[in-house]
Amino acid sequence: MSRIIGTVCLSHVPAIGGAIQKGLQDDPYWKPFFSGLPPVREWLQKERPDIAVVFYNDHGLNFFLDKMPTFAVGAAPSYRNEDEGWGIPALGAFKGDAAWSWSVIEALVAADFDVTTCQDMLVDHAFSLPMTMLWPGPGMPPVRAIPIAINTVQHPLPSAARCYALGQAVGRAIAAHAGNEKVVILGTGGLSHQLDGQRAGFINKEFDLLCLQKLIDDPQALTGYSTHELVRLAGTQGVELLMWIAARGALAGKAREVHRTYHIPISNTAAAIQALAAA
Amino acid sequence: MNATAGHHEAHAIPGTTLFDGECAIKGLALNRMCYSFNNAANRAAFLADEDAYCREFGLNVQQREAIRAKNVLQLIAAGGNVYYLAKFAGIFGLNVQDLGAQQTGVSVEEFKARLVAQGK
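Chains as they are written, first to last, in numbering that gives the first Met the number 0: chain A, 0 to 278; chain B, 0 to 119.
Be careful, since some hints might not be right.
[As the list claims (entries may be wrong)] Per the computed footprint, the stretches of chain A lying under chain B, defined by three or more beta-carbons under 8 Å from a beta-carbon of chain B, are:
#, stretch
1, 39-51
2, 73-83
3, 129-137
4, 153-160
5, 260-266
[What the hints assert, rightly or not] Quick partial rundown of chain B residues pointing at chain A, CB under 7 Å, derived from the structure:
#, residue
6, Ile-12
7, Gly-14
8, Thr-15
9, Thr-16
10, Asp-19
11, Ala-23
12, Ile-24
13, Phe-36
14, Gly-89
15, Phe-91
16, Leu-93
17, Val-95
18, Ser-106
19, Arg-113
20, Gln-117
Calculated directly from the structure, the hints in this document are not laboratory data. By construction, the Cβ of each residue, glycine as well, lies at the ideal position given by its N, Cα and C atoms.
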């Protein structure tokens, strides 16, 4: 049986990539966010997970509106990032594990999640930034990744309840996986923010703090929100909370908070980092 | 198909458009063009001959005018999806604070100050 050590959920704002590139981690604007990373890295270094399941949302690098899967699972030996339109140099290839991916896919489809399978999938900043923040260079992260993309581009989006159930099914797949590997679950994006429309710049601290608490001790409570309610409460892009909900679903049972950072703003976003250990 | 249901419900959130089926149909050509801007050669081709590039992707008049004006609210009204529009904005070095300021009708400094104020 393989085992989930816990979850790490964190924001993936593209500007973070620019800040890393320019070495601005200690700049007064950036420090409140970046200073949250070392304690999480230390925890990961102590736990040494072999596998990272990464719930993230593609922002129009791999998927376009011609074919938009609700849930897509990577099944590749490696995953590359590419130019997303602003010319930031792409990183090297992240390690995957196709056999592990297929065992998760088998379990998900058996549990009635009709996922799209991807043997060739570019991963955008929502995958690459969290990975490089948690395992900074030189070299690529020491974990093999299983990316799971959840659609947040094209409504209708999957519900919070459905994303939570997806996470639960992933958790069961990991628990049933032969071998003795350690798995960390990542959820990327959020928290509240809105880029588009006259409501651009919307942030909801009260709701974010409620979610951070519920993720620890009562994640089921978050599954009652419709996606429209989540947009209203967290913003059009704050709906990325779905990744956090899916990640928490995978971590069955009680959780202990290892670390939390919450800071307003990074770019247009209420930035957050939360690590939960299986309790 | 009942593409209007989500659209109408979305209007219940002020200043917000949910990109639903109706938007997807309306904005396909515009979004396809913006998606092409992932590629540096395509960004250069657009800058070299904007008219020809927009024609190639079959933009309608509303979309063509919104691109010409670089106006985010007009682009959204023309069916643009913010994830792809961000790549169009990137060509001109505009970040999300620039876009936020434009959409809310304030200066970039004022927009940034509003963001900071929400953390208090």
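>> Using the nearest Cβ pair, does Ile-24 of chain B come within less than 7 Å of chain A?
In response: It is violated, given that the least Cβ distance between Ile-24 of chain B and chain A is near 10 Å, above 7 Å.
>> Under 7 Å is the threshold here; is the Cβ of Leu-93 of chain B close enough to any Cβ of chain A for the hint to stand?
In response: violated, 10 Å
>> A closest beta-carbon separation below 7 Å is what the hint needs, so does Phe-91 of chain B meet it against chain A?
In response: Status violated, d = 11 Å.
>> Count the residues of the stretch 260-266 of chain A whose Cβ falls closer than 8 Å to any Cβ of chain B, and tell me whether that reaches three.
In response: holds (count 4)
> Can we keep the Gly-14 of chain B interface hint, with Cβ of chain A closer than 7 Å?
Replying inline: holds, 3 Å
> Against chain A, is Ser-106 of chain B within 7 Å by beta-carbon distance?
Replying inline: At 13 Å from the nearest chain A Cβ, Ser-106 of chain B fails the 7 Å test, so the hint is violated.
> Counting residues of the stretch 73-83 of chain A whose CB is closer than 8 Å to a CB in chain B, do you get three or more?
Replying inline: n = 3 at 8 Å, threshold three: holds.
> How about Asp-19 of chain B: closest beta carbon in chain A under 7 Å, or not?
Replying inline: holds, 4 Å
>> Would the hint on Ile-12 of chain B be counted as holding, given a Cβ-Cβ threshold of 7 Å to chain A?
In response: Holds - the Cβ of Ile-12 of chain B comes within 7 Å of chain A, reaching about 5 Å at its closest.
> With a cut-off of 8 Å between beta carbons, are at least three residues of the stretch 129-137 of chain A near chain B?
Replying inline: violated (count 0)
> Under the criterion of a CB-CB separation shorter than 7 Å, is Phe-36 of chain B in contact with chain A as hinted?
Replying inline: holds, 5 Å
>> Less than 7 Å between beta-carbons is the criterion; does Thr-15 of chain B satisfy it with respect to chain A?
In response: holds, 5 Å
Comparing the model with each earlier hint shows violations of hints 1, 3, 12, 15, 16, 18; every other hint is respected.
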